[in-house]
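Line by line, the protein sequences give chains A, B, C and D. By the working numbering, the letter at position 70 of the first sequence is numbered 70, and the numbering carries on one by one without gaps. By the working numbering, the letter at position 90 of the second sequence is numbered 90, and the numbering carries on one by one without gaps. By the working numbering, the letter at position 113 of the third sequence is numbered 113, and the numbering carries on one by one without gaps. By the working numbering, the letter at position 47 of the fourth sequence is numbered 47, and the numbering carries on one by one without gaps.
Hints are not guaranteed to be accurate.
[Unchecked claim] Beyond 10 Å from chain C on every Cβ pair, some chain A residues (computed):
#, residue
1, 36
2, 56
3, 59
4, 76
5, 79
6, 84
7, 93
8, 101
9, 105
[Said to hold, decoys possible] From the structure, some residues in chain C lie toward chain A, with a derived Cβ separation under 8 Å:
#, residue
10, 11
11, 12
12, 35
None of these hints come from the bench; they were simulated from the model. This one's a predicted model, so the numbers in the text were calculated from it and none came from an experiment. Just so you know, even glycine gets a beta-carbon here, dropped at the ideal spot from N, CA and C.
Listed below are the residues making up each chain.
Number of protein chains: 4
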Amino acid sequence: MDNLREAIGRFIAERDWDQFHSPKNLAMALSVEVAEIVEHFQWLTEEQSKDLPPEKLAEVREEIGDVMIYLTELADKLDIDLVEAAKAKMEINSKKYPADLVKGRASKYTDYGIRRKGDTIC
Amino acid sequence: MDNLREAIGRFIAERDWDQFHSPKNLAMALSVEVAEIVEHFQWLTEEQSKDLPPEKLAEVREEIGDVMIYLTELADKLDIDLVEAAKAKMEINSKKYPADLVKGRASKYTDYGIRRKGDTIC
Amino acid sequence: MDNLREAIGRFIAERDWDQFHSPKNLAMALSVEVAEIVEHFQWLTEEQSKDLPPEKLAEVREEIGDVMIYLTELADKLDIDLVEAAKAKMEINSKKYPADLVKGRASKYTDYGIRRKGDTIC
Amino acid sequence: MDNLREAIGRFIAERDWDQFHSPKNLAMALSVEVAEIVEHFQWLTEEQSKDLPPEKLAEVREEIGDVMIYLTELADKLDIDLVEAAKAKMEINSKKYPADLVKGRASKYTDYGIRRKGDTIC
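Generate the whole structure from the sequences, applying the supplied hints.
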C-alpha cells in the first residue's frame with residue numbers, strides 16, 4: 001500500500017496533474033472507473049459474473065486497478081488511511097446489521113427497524 | 001489488507017449474505033457507495049472539497065470505508081489481488097500517458113493520438 | 001415521447017434484446033451511460049462546463065441521448081410515465097425544500113431539520 | 001415536457017440555486033440519483049426486478065422522477081432538446097448495431113468487429 005501510494009504520487013507529479021485532482025474531481029473520476037466495472041457485468045447473469053472467461057477477467061482486473069488507484073489517491077488527499085477507514089466502517093456495519101437479526105436477508109438496515117440515537121441516517 | 005479481507009469474509013459468512021454477493025451485485029453495490037462519496041462533493045466548489053469541515057470529513061471517511069470494503073470483496077471473489085492490480089495498472093497508465101507528452105494537460109489518452117497495436121480501446 | 005418509446009421498443013424487438021433488458025440490468029446500463037456524461041466533465045472547471053466547445057458538446061449530446069433512451073425504456077418496463085413521475089417528484093421536492101427556508105443554500109434536506117411524519121428517509 | 005422544463009426553472013429560480021447548478025455539478029447530481037435507482041435493484045434477482053411490490057415500485061418511481069428532473073435540467077442548460085437527442089442517438093445506435101448481425105447477442109459493438117471511418121470510439 002505504501003509503495004502504491006508513492007507510485008501514484010510520483011505519477012501525478014511527473015505529469016503536473018495535481019492541479020486537476022481536487023477531491024471533487026477525484027470523486028467523479030472514481031465513479032467513472034467504477035462504471036467501467038459495471039459495464040462488464042451489465043448484461044451477464046449473476047452466474048456468468050462468477051465465471052468470467054480469462055480475457056474478460058483480465059479487463060475487469062484493469063478496471064479494478066483503476067478504481068483502486070483513484071480511491072487510494074482520494075483517501076490520500078483527504079489524509080484518510082484507506083485500510084483503517086474500511087476496518088472502522090466494518091465495526092459500524094457489524095452493529096448496524098446484527099448477525100442474528102439480518103441472517104439470510106438483504107435489506108437496507110432502516111428496513112429492520114434498527115435505529116439508534118446518534119445514528120447517521122443514510 | 002489480509003486482516004481486512006478476513007474480517008469481511010467473516011462478516012458475510014455470519015450473515016449468510018454470500019448468496020447475494022455475486023460479482024454482478026457487488027459491482028452495483030460498489031457504484032452505489034461511490035455515489036455516496038460523490039453526493040458529499042456535488043455542490044461544493046473544488047476549493048471547498050479540499051478543505052472539508054471535520055464532521056463532513058468524518059462522513060466521507062465512512063463512505064470511503066464502504067467503497068474499500070466492497071472493492072476488497074469484489075476483488076477477492078474474482079481472485080484478484082487488489083494492490084497488485086493497481087500496481088499493474090499504474091505500469092499501463094505510465095505508458096498510455098507519457099509524462100513528456102501529457103504534462104499539465106488532462107485529456108483522455110485517445111485525444112493524444114497515442115494508440116498502439118493491441119491497445120484495448122476504452 | 002410516444003414516438004421515442006415506440007422506436008426504442010422496435011429497436012429492442014428487432015435485435016431480440018428483451019431477454020437482457022430486465023429492470024435490474026437497465027438500471028446498470030443507465031448508470032454506465034451517466035458515467036459517460038460525467039467523464040466529459042470530470043477535469044473541467046465549473047466555468048468550462050458551461051461553455052463547451054462544439055465537438056465536445058456534440059459528444060455530450062450523444063451521451064445524454066443514451067441516458068434518455070435507457071431511462072425511457074426502464075420507466076416503460078415498470079409501467080411508469082416518465083414525465084408524470086418527474087412532475088410528481090417536483091411536487092414532493094417543493095415541500096421538502098421550502099423556498100423561504102433553503103434560498104441560496106445547497107444542503108441535503110435532512111440538514112435543514114425538516115422532517116415530517118411519513119417521510120421516506122434517504 | 002415543456003411544462004416540466006418550466007416547472008424546474010421556476011423551482012431553481014425561487015430557491016436561488018442556479019449558482020450551484022453548473023453542468024459539471026448537475027452531471028454529478030444525476031449520477032447520484034441514478035445510484036438511488038440502482039440501490040433498489042442491487043440485491044434483487046433479475047426476475048424480482050421485473051415484479052416489484054407496490055411500495056418498492058412507488059419508491060423507484062420517485063427516484064426515476066429525480067433522474068428525469070436532473071436530466072431535463074442538464075439538457076436545458078446545454079441547450080439540448082432531450083427527446084431530439086434521444087431520437088438522434090437511436091439513429092446512430094441502429095447503424096452501430098445492425099439487427100441481422102447482433103440479434104440475440106449482447107456485446108459491446110466493438111466486439112462485433114464493426115468499426116467505421118469517423119466512428120467515435122467509446
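Which of the listed hints are broken here?
1, 10 and 11
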